[in-house]
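One letter stands for each residue in the lines below.
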Amino acid sequence: MELIDGYPAAMRESIALVEQTRPTRLGRTFPAMTPEQRRELLLGHHPDYKDGAKRPLLFGPNKGMLLNHELADLFEARPLVSASLDLNDVDSDVDLLIIGGGGAGTVAAIWAVQAGLDPSRVLIATKLRHGDSNSTMAQGGIQSADRPHDSPAQHFLDAMGGGHFTNRPELVEALVSDAPLIIHWHEQLGVMYDKDEQGNFVMHPGGGTSRNRMHSARDYTGLEIMRVLRDEARNLHIPVVEFSPAIELLCDERGHVAGAVLVNLETKRYHIVRAKATIVTTGGLGRLHMQQYPTTNHYGATADGLILAYRAGAELVDLDAIQYHPTGAAFPAQMAGLLITEKVRGMGAQPVNCKGEQFVYPLEPRDVEASAFIRECSLGLGIPTPHGIQGVWLDAPMVDIIHGPGTIRSALPAMFRMYTRFGIDMTRDPILVFPTLHYQNGGIITNPDGATTVPGLYAAGEVMGGVHGKNRLMGNSLLDFNVFGRRAGIAAANYVREQAQPTRLSLEHVATYERHMRDAGIKTTRTAPRILPDYRGKEALERYLDIPL
Amino acid sequence: MQVAYYPGCTIKVSAQHHERAALAVLRALNIELCELPEWNCCGVLHSLTDDNLIRHMAPIRMFARLEEQGAHEMTTLCDMCFNTLAQANTWAKERPERIRAINSTSGGELDYDGRAQILHLLQLLRDRVGLAAIKARVRRPLRGLTIYPYYGCKLLRPSEVAMDDPETPRVLHDLMLALGATVAEGPLQTQCCGSYHVVDREQLVTNRVAATTDEARERGAEALVLSCPLCHYNFDSFQGSNHAALPIFYYTQLMGIAFGLEPEELGLDAHRVALLPVLLEHELVPEGVQVN
Amino acid sequence: MSEQTGMITMQLMGKNYQVPTGLTIMAAIEYAGYKLVRGAGCRGGFCGACPTLYRRSDNHRIFTALACQTLVEDGMCLVQMPFVPVVSRRYDLHQIAAKPNTLLQHFPEIAGCVACNTCTRACPQGLQVMDYVQASLRGDIERAAMLSFDCIACGICSSRCPADIKHYAVGLLARRLYGKYVTPDSPQLAARVAELQTGNLIADLNALMALSQEELRARYEQRTFETSEENKEPFSAIQHYNSPMDPVDYKDEIEV
Chain L
1 MELIDGYPAA MRESIALVEQ TRPTRLGRTF PAMTPEQRRE LLLGHHPDYK DGAKRPLLFG
61 PNKGMLLNHE LADLFEARPL VSASLDLNDV DSDVDLLIIG GGGAGTVAAI WAVQAGLDPS
121 RVLIATKLRH GDSNSTMAQG GIQSADRPHD SPAQHFLDAM GGGHFTNRPE LVEALVSDAP
181 LIIHWHEQLG VMYDKDEQGN FVMHPGGGTS RNRMHSARDY TGLEIMRVLR DEARNLHIPV
241 VEFSPAIELL CDERGHVAGA VLVNLETKRY HIVRAKATIV TTGGLGRLHM QQYPTTNHYG
301 ATADGLILAY RAGAELVDLD AIQYHPTGAA FPAQMAGLLI TEKVRGMGAQ PVNCKGEQFV
361 YPLEPRDVEA SAFIRECSLG LGIPTPHGIQ GVWLDAPMVD IIHGPGTIRS ALPAMFRMYT
421 RFGIDMTRDP ILVFPTLHYQ NGGIITNPDG ATTVPGLYAA GEVMGGVHGK NRLMGNSLLD
481 FNVFGRRAGI AAANYVREQA QPTRLSLEHV ATYERHMRDA GIKTTRTAPR ILPDYRGKEA
541 LERYLDIPL
Chain Z
1 MQVAYYPGCT IKVSAQHHER AALAVLRALN IELCELPEWN CCGVLHSLTD DNLIRHMAPI
61 RMFARLEEQG AHEMTTLCDM CFNTLAQANT WAKERPERIR AINSTSGGEL DYDGRAQILH
121 LLQLLRDRVG LAAIKARVRR PLRGLTIYPY YGCKLLRPSE VAMDDPETPR VLHDLMLALG
181 ATVAEGPLQT QCCGSYHVVD REQLVTNRVA ATTDEARERG AEALVLSCPL CHYNFDSFQG
241 SNHAALPIFY YTQLMGIAFG LEPEELGLDA HRVALLPVLL EHELVPEGVQ VN
Chain S
1 MSEQTGMITM QLMGKNYQVP TGLTIMAAIE YAGYKLVRGA GCRGGFCGAC PTLYRRSDNH
61 RIFTALACQT LVEDGMCLVQ MPFVPVVSRR YDLHQIAAKP NTLLQHFPEI AGCVACNTCT
121 RACPQGLQVM DYVQASLRGD IERAAMLSFD CIACGICSSR CPADIKHYAV GLLARRLYGK
181 YVTPDSPQLA ARVAELQTGN LIADLNALMA LSQEELRARY EQRTFETSEE NKEPFSAIQH
241 YNSPMDPVDY KDEIEV
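Chains as they are written, first to last, in the numbering used here: chain L, 1 to 549; chain Z, 1 to 292; chain S, 1 to 256.
Keep in mind that the hints were calculated from the coordinates and are not lab data.
Any given hint could turn out to be false.
Said to hold, decoys possible - Here are the simulated lysine-lysine pairs, BS3-like style, with alpha carbons at most 27 Å apart:
#	chain 1	residue 1	chain 2	residue 2
1	L	Lys268	S	Lys35
2	L	Lys268	S	Lys15
3	S	Lys99	L	Lys538
As the list claims (entries may be wrong) - In silico negatives: residues of chain S with every beta carbon more than 12 Å from chain Z:
#	residue
4	Thr9
5	Gln11
6	Gly75
7	Ser88
8	Arg90
9	Glu109
10	Val114
11	Glu142
12	Arg143
13	Pro162
14	Ala191
15	Ala194
16	Asn200
17	Arg219
None of these values were measured; they are calculated from a predicted model.
A virtual CB, placed ideally from N, CA and C, is assigned to each residue, including glycine.
Given these sequences and hints, build the entire structure.
The structure is reproduced here in structure tokens:
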């Protein structure tokens with residue numbers, strides 16, 4: 001296929017129209033929608049409301065909750081180990097086990113140690129490497145109401161409205177009132193936020209926010225926070241065991257969570273961890289590819305923590321609502337689904353259709369914005385790609401026109417670098433986007449201190465639910481894992497002090513779960529957790545032999 | 001009799017017959033050669049070469065970077081940098097194939113054409129600005145102040161890179177005269193200060209510093225002027241306590257004083273041996289000046 | 001294997017595989033039938049889990065890449081590095097100061113840099129790695145922080161360095177020192193943190209929490225928006241991103 005500066009000729013024709021309309025669009029932004037218009041758009045075009053994409057959960061505390069089939073399949077699946085697994089030989093005996101080495105897990109570990117736990121009595125177990133997580137991939141920023149004309153109350157309103165008032169208010173209260181403390185903590189840890197010479201943060205707007213309160217570190221905000229947190233945890237001598245996901249929680253005779261079974265992904269040997277408290281920080285589920293959507297998520301984002309916690313009896317919330325980020329890359333094919341940070345729109349790039357026309361306010365809440373893109377494509381106003389999907393333009397060069405030449409390169413280096421690698425210069429040409437599976441809005445129910453409905457089990461970060469209701473705003477996820485990671489770490493440390501080491505470890509809850517599944521009439525050979533998605537070529541798998549080696 | 005035996009690559013590849021003969025002869029003499037179980041090339045390519053390219057990457061890279069900017073001349077304040085850059089450049093320019101070899105070792109990253117050169121700031125002042133222009137800029141001549149110029153090694157040795165006559169340098173002498181000072185001189189002006197021996201042979205440095213400062217004092221100097229930061233460190237730190245220590249100036253500081261610049265701009269506070277007393281004595285800085 | 005159109009041959013750890021053109025190295029490895037455990041992370045160029053070394057048939061040099069960000073080429077001979085060990089001394093950031101010799105004290109091996117620039121050539125992010133090591137050596141913490149900012153710690157630089165420097169650990173400490181000690185703390189944030197302790201802000205929050213959902217919706221609809229005109233200063237990349245340098249193809253400026 002012949003490409004002209006990265007784009008095929010057919011797409012170039014549309015780009016010419018985008019360039020034609022650009023001068024008249026500058027300074028003229030499409031108006032925001034009314035609540036009624038938003039509702040109608042969501043019901044008509046958001047993937048969450050698509051007929052036939054979901055089925056109800058048939059058993060357990062959340063019986064009746066509608067789930068995408070891909071997620072429901074994992075709840076209706078058999079465990080990877082049988083309930084009769086020998087648990088007598090404990091490999092690690094700790095006070096606190098943290099399952100998941102992303103942002104939430106690392107923050108929890110640091111604060112558990114700050115709250116007095118001996119670092120050697122804490123263990124972070126993680127599926128891939130320490131820090132491999134959606135946290136690292138978050139680009140745009142972190143919200144905190146710091147400035148005089150902003151307030152936690154204003155932040156509260158924005159978050160509640162963005163979540164369509166389905167959020168749990170006590171969690172949102174914790175989120176917004178801790179936010180300045182978190183940013184202050186980051187300052188002390190040496191996180192390199194974008195600041196002016198006086199130390200004031202450079203603030204950007206985000207979709208659905210009424211104040212500019214997005215703190216960023218170029219467009220590597222999550223990476224910058226994560227690498228500092230990881231370094232801090234390392235310097236505090238907190239042990240981390242990598243490539244060792246949890247495949248089942250363990251309970252004691254009272255049904256309290258008492259550790260987990262890990263598996264070494266390389267040797268496949270299992271590893272028993274006994275712990276007085278356990279925090280699940282396993283992140284999200286984008287790699288389940290609901291409704292065949294591509295995803296922005298990390299390789300390990302397969303909902304493991306939800307499955308494990310539900311088997312142990314924890315209640316879940318809002319898992320019917322999945323966040324599709326409006327701007328996933330749609331072209332070139334190699335980039336499909338990768339995140340184009342909302343900051344690009346925050347800095348002035350407008351979404352436009354194949355004729356170069358604006359059709360939506362650039363900073364609607366994410367679900368609304370995504371639905372508008374999907375509708376535009378279904379009306380035939382999208383731009384088709386050679387690999388079969390459609391997208392709409394995001395007029396990136398406007399950023400440099402509005403803020404001055406060089407802005408894209410210095411403020412959005414990750415985006416610029418990525419497009420450059422694939423032959424596209426986003427300072428000159430618009431980029432093609434389409435919604436991509438981005439975030440698990442719901443998750444495990446917790447109180448503001450991260451405690452789930454099961455004693456001994458805490459949750460924080462993307463795996464927990466309630467704080468964002470049915471739709472999260474940009475900049476509240478980096479905040480969420482810091483706020484609730486910290487709270488869960490401290491609460492778990494305090495809980496640990498009052499607990500004796502569990503005496504008997506058991507997997508009876510797994511046997512019970514399997515019984516409930518059978519009682520609900522589910523017969524399956526599927527297993528869960530998924531651990532990693534499978535992207536092997538079908539040509540290779542056609543000749544795959546499962547032989548012992 | 002047994003003897004340990006190092007064969008070397010040539011014997012094993014193109015002179016095997018020599019080894020065969022040797023072994024046969026030695027067997028006849030009842031001598032056994034015991035070849036070392038593991039041995040490496042004697043290293044001839046690297047050991048005896050005088051053009052170990054990797055050593056020269058850093059300085060030559062700076063000339064290439066200069067040329068990338070479209071320029072061929074740059075200046076430096078540091079005597080050691082001047083000397084290193086100038087020596088590497090001289091070495092490279094001696095034989096064009098050296099420059100080609102370095103460019104090629106860099107994987108095409110460097111494209112040095114050998115035209116660049118490094119100037120010490122003293123050269124720039126003397127040859128480009130000119131002492132007359134400097135003299136014309138003086139507002140407060142250093143009248144009455146007797147100064148001993150110290151050159152050390154790096155401006156003058158080896159002679160291929162010397163920026164002045166290696167035996168009888170004049171540049172600091174002429175500069176001080178231009179500033180209106182009196183100059184005291186002596187044979188130890190070009191003696192090495194002991195340089196990096198400060199790390200492991202402090203006494204050597206102390207002896208040399210003492211000899212030079214004694215000479216300066218004997219010849220009436222109230223202060224010493226120099227250019228090299230390492231010499232400065234040694235002179236400023238190791239004068240001992242037998243005499244009142246001589247203040248050690250950089251020439252730039254004295255130029256600043258003579259130009260009538262604000263003392264605060266001249267870093268006069270960053271010295272162990274205080275600079276202000278001698279300047280106050282000759283009324284070269286205002287009464288009551290603070291240098292912090 | 002038969003030649004198919006649109007297919008190329010790559011050599012993965014010594015074995016030839018035919019894969020479609022246009023795949024990233026990571027997708028090609030998976031297409032060939034490998035299930036990755038190590039060697040894959042975020043799959044979007046942010047985590048550094050997929051450092052890859054390869055050679056081309058027409059060049060004697062070793063090339064480097066992130067497998068998720070680089071297209072496979074015909075004749076490419078590649079291997080993925082699981083990780084590069086970087087063991088460095090622990091520190092307590094709160095106990096060390098940002099002095100010119102701080103980085104050298106923590107990483108004395110940076111004094112061994114011969115400026116060969118292999119690290120820079122190896123960096124899949126296109127960073128001026130050698131320049132940030134040199135900046136660290138001379139105690140320029142700000143420059144080391146700026147030049148290393150886009151580092152994803154894949155470790156390829158450290159695997160190629162003849163002086164065994166732990167580049168990414170040096171850059172990380174430089175950035176933390178810069179963030180903590182060199183940039184001023186935000187005065188507005190400090191004021192807000194103090195204000196939070198007074199409880200007034202929490203009272204406002206509690207008032208919102210006491211509203212019915214209808215009242216809360218009404219308040220949400222009545223929100224006023226901060227307009228860009230309220231930002232008195234026009235946004236300037238140079239002013240706001242700490243440094244005018246271009247992180248992607250930055251070239252040293254020399255005063256001449």
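Do the hints match the structure? See the list:
1. Between Lys268 of chain L and Lys35 of chain S the CA atoms are separated by roughly 14 Å; this keeps the pair inside 27 Å, and the hint holds.
2. For the suggested pair Lys268 of chain L and Lys15 of chain S, the alpha carbons sit about 26 Å apart, so the restraint of at most 27 Å is met.
3. Between the alpha carbons of Lys99 of chain S and Lys538 of chain L the distance comes to roughly 57 Å, so the proposed pair goes past 27 Å and is violated.
4. Against the 12 Å criterion, Thr9 of chain S stays outside the reach of chain Z, whose nearest CB is about 26 Å from its own CB.
5. With a minimum CB-CB distance of about 22 Å to chain Z, Gln11 of chain S clears the 12 Å threshold, and the non-interface call stands.
6. Every C-beta of chain Z lies more than 12 Å from that of Gly75 of chain S, the closest at about 20 Å, which supports listing it as non-interface.
7. Every beta carbon of chain Z lies more than 12 Å from that of Ser88 of chain S, the smallest distance being close to 24 Å; the non-interface claim holds.
8. Residue-level check passed: Arg90 of chain S sits 28 Å from the nearest beta carbon of chain Z, beyond 12 Å.
9. Interface exclusion of Glu109 of chain S from chain Z stands, the closest Cβ pair being 16 Å apart, more than 12 Å.
10. Remark: the non-interface label on Val114 of chain S conflicts with the geometry, its nearest Cβ contact in chain Z lying 6 Å away (cut-off 12 Å).
11. Against chain Z, the non-interface label of Glu142 of chain S holds: every CB pair exceeds 12 Å, the least being about 20 Å.
12. With a minimum CB-CB distance of about 15 Å to chain Z, Arg143 of chain S clears the 12 Å threshold, and the non-interface call stands.
13. Interface exclusion of Pro162 of chain S from chain Z breaks down, the closest Cβ pair being 8 Å apart, not more than 12 Å.
14. Against chain Z, the non-interface label of Ala191 of chain S holds: every CB pair exceeds 12 Å, the least being about 32 Å.
15. At roughly 33 Å from the closest C-beta of chain Z, the C-beta of Ala194 of chain S stays outside 12 Å, upholding its exclusion from the interface.
16. A cut-off of 12 Å between C-beta atoms confirms that Asn200 of chain S is not in contact with chain Z; the least separation is 43 Å.
17. The non-interface label for Arg219 of chain S is consistent with chain Z: the shortest C-beta to C-beta separation is roughly 56 Å, beyond 12 Å.
Violation of the numbered hints given earlier is confined to hints 3, 10 and 13; the remaining hints are satisfied by the structure.
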